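Take these sequences, add in the hints, and give me the full structure.
Under the working numbering, the first residue of the sequence shown is numbered 1, with each subsequent residue one higher.
Each hint should be verified, as a subset may be incorrect.
What the hints assert, rightly or not - FRET-style restraints, in silico, Cβ to Cβ:
(1) E74 with F139: 41 to 49 Å
(2) V126 with F17: 43 to 51 Å
(3) L71 with L142: 35 to 43 Å
Hint data in this document are derived by calculation from the structure and do not stem from the laboratory. These numbers come from a predicted model, not from an experiment. Virtual Cβ for every residue (Gly too), placed ideally from N, Cα, C.
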Amino acid sequence: MLRRHWIRHTPIVPKGFIRYHVLELLSEKPMSGSEIMNEIEKKTEGRWKPSPGSIYPLLSWLQDNNYIKELPVEEGGMKRYALTDKGKTLLEEQRKIRKDFRKEAKFMPPPFLGGLWFRIPPEKTVELRKSMHRVFVAFFELGSNLEEHFSEEAIEDVRKILNETAEKLDELNKKLKGKQK
Numbered sequence: 001m002l003r004r005h006w007i008r009h010t011p012i013v014p015k016g017f018i019r020y021h022v023l024e025l026l027s028e029k030p031m032s033g034s035e036i037m038n039e040i041e042k043k044t045e046g047r048w049k050p051s052p053g054s055i056y057p058l059l060s061w062l063q064d065n066n067y068i069k070e071l072p073v074e075e076g077g078m079k080r081y082a083l084t085d086k087g088k089t090l091l092e093e094q095r096k097i098r099k100d101f102r103k104e105a106k107f108m109p110p111p112f113l114g115g116l117w118f119r120i121p122p123e124k125t126v127e128l129r130k131s132m133h134r135v136f137v138a139f140f141e142l143g144s145n146l147e148e149h150f151s152e153e154a155i156e157d158v159r160k161i162l163n164e165t166a167e168k169l170d171e172l173n174k175k176l177k178g179k180q181k
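Shown next, in the form of structure tokens:
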């Protein structure tokens, strides 16, 4: 019972994720809170939409600290926000931190797998962790290498590998679902 309670309340969005993406979106154009939520949902292909309870307090904090400013209300009465110079500086710092992290990352478990480790027999988690570690190290290194050595051929190779992997995982998911019935 305690374990389920802990899993249910474990945050699945990494710390700083929303702030970084809000700053990125506002660097593109002024937006309202609801536009930001919709754009994040769109960029995550509908997998996640931040709640008003996470966006609006963040916008208030960013405004209170002069990272963003509220623009004059236009017709329709929608408040939109834009980055200030201080906000642009914060975004550049965040981009540098993300880039450095990608280069130095050894292992970062994906947020959606957090509870999975508690349902797998302990003796099997060691094997899975080693495999996951290899995948994440390779993925982070690939990101850094693509930034430095971009080519259409490399992008096509990555796309093919990711599609093949997704197909294999989809096949396994279908097989596992079939066993449940």
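Now the hints, each set against the structure:
1. E74 with F139: 41 to 49 Å: holds (42 Å)
2. V126 with F17: 43 to 51 Å: Given range 43 to 51 Å: violated, Cβ gap about 29 Å.
3. L71 with L142: 35 to 43 Å: With a Cβ separation near 39 Å, L71 and L142 satisfy 35 to 43 Å, so the hint holds.
In this structure, only the earlier hint numbered 2 is contradicted, and the remaining ones agree with it.
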